[in-house]
Amino acid sequence: MTANSIAATGSAREMARGENSAPIISLKKVSKVFANGTVALKEMSLDIKRGEFVSLLGPSGCGKSTALRIIAGLSTASSGSVTWPEEARRGKPAEDGGHEISFVFQEPTLMPWATVFGNVWLPLRLKGVSKRAARDDVIAALEMVGLEDFADSYPRELSGGMKMRVSIARALVTKPRLLLMDEPFAALDEITRFKLNNDLLHLWEKFGWTVIFVTHSVFESVYLSNRIVVMAARPGRVVEDMAVDAPYPREEEFRTSPVYNDYCRKASNALHDAMEASAEA
Amino acid sequence: MSLAATEKKPENVTNADPAVALLDAKSAPGRTARAKRILIPLLMLALLLVAWSLYVWAFDVPHYILPSPMRIADALVSDWGILGPALLVTLKITFLALILALLGGVALAVLIAESKIAELALYPYAVILQVTPIVAIAPLILIYVPTTQAALLICAWIVAFFPVLSNTTQGLKSTDHNLLDLFKLYGANRWQTLIFLKLPNALPYFLAGLRIAGGLALIAAVVAEFAAGSAGAGSGLAFRLIESQFRLNIPRLFAALFLLSITGVLIFAATSFISHMLLRKWHESALKREV
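Taken in order, these protein sequences are the chains called C and H. Heads up, the first sequence is in the working numbering, so the first residue is 1 and it goes up one at a time. Heads up, the second sequence is in the working numbering, so the first residue is 1 and it goes up one at a time.
It is worth saying that the hints were derived from the structure and are not from the lab. Check before you lean on any hint, since a few could be wrong.
Stated by the list, open to error - Covered stretches of chain C (chain H as the covering partner; in silico rule of three or more C-beta atoms under 8 Å from a C-beta of chain H):
1) 115-125
2) 149-163
Said to hold, decoys possible - Calculated pairs, DSBU-like style, for lysine-lysine (alpha carbon to alpha carbon, straight line, at most 35 Å):
3) K184(H) to K92(H)
4) K184(H) to K175(C)
5) K36(H) to K281(H)
6) K184(H) to K127(C)
Note that the structure is predicted; figures quoted are calculated from it, not measured. Quick reminder that beta carbons are idealized off the backbone N, C-alpha and C, glycines included.
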């Protein structure tokens, strides 16, 4: 693939995703100070547009998970504001945005006493959807992750990778507009992680969600995202915001392409600088 | 996407609890192991009974000191008119106390886990109630409560309810924080979080408490009756046991003891079985890796 065609595909995609729409979520000078005085996040500003796949990349302690939790509403900012401009424009109350967010944790976080079906049904069940009414959506979500034959299995009967798929299916069953993922594949072996990376990309391309993906892997962030936000620690802050202008679909060949290497080097350097900045602070 | 099939599932899992493993008969090697598990204890029992009988016969031990197993069996049959109703009384108190302990223990555990104020107000007194020996409280309860039966029930309840309370509280509080976050994210209310998350999570802890409480309810029912020293038609096995001792009716004493032991064993087996049935599909304690 030539450099020209890459650029062309890249820009076509950006146009398709609507460059001038309001951001789906907007963080303005968001800070988080914990009770013990630790500054987990200092004046983080970030606009996420619809359809973006954004990776938050940084060393541990840089506040990337904290940022994600604040966006999810699981934690509150000490100062600054989190707004949902796109929701607001459509006249929806801010807190309603919460229903369209899904969160995937580092651990599969499944209920061991419930079957795969029961676990995926959970988000709908909590909204009062009966088992019968939820059936089609749950099976569809399981089909997306290739686990439709395991609906009646219990989590302990599944491998680590399959558990993570269930966790992803549970996140997808609500048809979220914003998918938050906190190092979801960090605990998996590399082969399984690569497989899930590809599956996630396919689903993202097909459904056009917005994804915020926390990772400490340079390679993973370059492979998946079209934008990488590099963060430094002590205090947690954004130090670099770089685009990854490589076209999708990205397949295994992408991992060995020069473009991929270039972006890995760039991201790696940015991360290196971020770590130095963390050490100095 | 059909990659799931290539990821391998963990090995097959089977029952780990020996008491329950007896119940399912599937594999041939398992059957031999199960046969051994039944035969060896039975053989041991037979040996002990024979040795006991021989000892009594050889040394001509008087039955008011140590009766032979046969004589105890005789007593069990001939005194059934006395022992049977007594057993029924003891069983009634034990099970009523256990049921009330389960209800009270779980209700109080939910209250304590959901409300910090309730915890601060109630938990210390639950502990004090538990650590004070029941034999020491029993006389007081006997004074304040109108009937002996009610007093016995209260004693047994006090002893049985604490393991249920403390275990269930522990279970409710040890809910996975990520799952709690997940419930919060999906807008679960307090009630939904309790029903769908905290209570199922507390189930294994509760069942461990149940196994302890079952045994304790029987022990407490007996101890309380010792302390109460009730008599007449409404008296339980403990009273019959003491009465037999006073009358040097040692065969009947052994027969009463035998009934108490069997009751204890059956309660333990029943609670273990309930626990296994409820957890066998998902909990680590009910599963064993095939090697």
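Hint check:
With a threshold of 8 Å between beta carbons, the proposed coverage of the stretch 115-125 of chain C by chain H holds, since 3 of its residues qualify and at least three are required. Coverage of a stretch by a chain is defined here by at least three residues with a beta carbon nearer than 8 Å to that chain's beta carbons; for the stretch 149-163 of chain C and chain H the count is 10, and the condition holds. Taking the CA atoms of K184(H) and K92(H), the gap is near 44 Å; set against the 35 Å cutoff, the hint is violated. As the CA atoms of K184(H) and K175(C) are separated by approximately 18 Å, the hinted pair is consistent with the 35 Å bound.
At roughly 26 Å between alpha-carbon atoms, K36(H) and K281(H) fall within 35 Å of each other, so this suggested pair holds. Using a Cα cut-off of 35 Å, the hinted pair K184(H) and K127(C) holds, with the two alpha carbons roughly 12 Å apart.
In summary, the structure is inconsistent with hint 3 from the numbered list given earlier, while agreeing with all the others.
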